[in-house]
Amino acid sequence: MSIWDYANPTRFLRLVQIVLPWLIGLCVLAFAAGLYMSFFVAPEDYQQGDTVRIMFIHVPAAWLAMMCYSIMAMSSLGTLVWKHPLADVSAKSAAPIGAAFTFMSLVTGSLWGKPMWGTYWVWDARLTSVLVLLIMYLGLMTLWRTMDDPIKAGKAAAVLTLVGALNLPVIKFSVDWWNTLHQPASVVRMDGPTIHPDILWPLLIMAIAFTLLFFVLHLMAMRNEIMRRRVRALRQRAASVSFPSTATASTQAAE
Amino acid sequence: MSSWAMALFQRDLRLSVRIGGSALVGVLFFLAVVTVIPFGVGPDLNLLARIGPAILWIGALLATLLGLDRLFQADREDGTLDLMLMAGRPLELVVLIKCLAHWVATGLPLVVAAPLLSIFLNIDPVAMGAVTLTLLVGTPALTLIGAIGASLTVSLRRGGLLLAVLVVPLAIPVLIFGVSAADAAIHDPVPFMTPFLILCSLSLIAAVIGPIAAALALRFAGD
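Residue numbers (the UniProt record's numbering), protein chains in the order written: chain A, 1 to 255; chain B, 1 to 223.
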């Protein structure tokens, strides 16, 4: 079973139809468990009180914002190197989802920042690089919209996605390279997480739930994109068939 | 440099200097940006001296963005770009030479104008030298990164605005290290060489990635 078996959109759509209900079910379960744990199991932070619970939305959203771009970068490689027909469908449908997660992490971050740091926004390295990520998502979406040929737009966007992928390590290491207000990495570390397990577990389950949500939305968006392209192809065919006949009809009418 | 490369360089340089007049327009725009800032932040000379390097850098970035859409668009409109694509020369090299010519015509005048504009902003001589040096090293990176945006939007009717949106996020690291190197020369919280060398490396990275990505995008836009 290789990824090439799903180069055929029909086969891919069949797979989506089988996988999607299970994925949705798992996603709902994970969210139920994760939300329950983050509201009732996780203790209040001794300094931050209840506001620490923002973390269970904020951190997974930020992770997903970066994972989504990584998936787009891999899809772009698929478009440019292997010319996989579904790769640019995947990249295109991932962009708005990634932009939404990025926006969500910025909004929850600034809501958390107000009580903790006393301000909604600082020009710190992590915040700024994530804002740049949001601008890049929006720029990519615009680039896709400005070209009417999806294949051509997909290739152009793939080039830009890969160039923009240089921003990802900057975001990841921004808290280590520049000593700023945002706290340094505390979960994914060489010497193990520095968070207490009571908070770490809800966080990880919420991260899994968010990841499942991403895959549900991504598969749905890919399905929609494939359908949209089919409609476009059918319309073009209909136009190319009907246009000569209307042209002759009008010339006959003119005569 | 082989003869075709030299010929291409001279052709692009002549075109941009004679027809576009981009060198003069770019510098005029740079002057306009620098003139507008004191009206915005107030004519306090101490404040202007402090934010002067940043103003010059932002002005250079905006002036570079302004001229970028001409980099490939004019050649595409009259069909030259198709000839370049079919000529069998390495397209990456063609892009690099075009970028070089474009930088000499639009970027270099900005660097030359920077010391003069520093006087308006009350920047002292040491900082003036530092800003000019960082602009000299950093503006090629802006042009080379901009070439990616220019090649992506080459087939669009009015790609200039989109180009700016696509290029600005990629140009932010250059701006950060350019300004921090210039600042380091004034206040020296860190040695000047550290951010300066990072800026140099950004230009070198852009010289590799820019032409490759732009050539890729031009090939896709061509067929």
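Hints may contain errors.
Listed next, the stretches of chain B that the computed footprint assigns to chain A, with coverage defined by at least 3 CB atoms under 8 Å from CB atoms of chain A [as the list claims (entries may be wrong)]: (1) 26 to 32; (2) 154 to 164; (3) 210 to 218.
Honestly, the hints are just simulated from the structure, not real lab data. Just so you know, these numbers come straight off a predicted model, no measurement behind them. Glycine included, every Cβ here is placed at the ideal spot set by N, Cα and C.
Hint by hint, here is what the structure shows:
no.	hint	result
1	26 to 32	violated (count 0)
2	154 to 164	holds (count 4)
3	210 to 218	holds (count 3)
In the structure shown, a violation is registered for the earlier hint numbered 1 alone.
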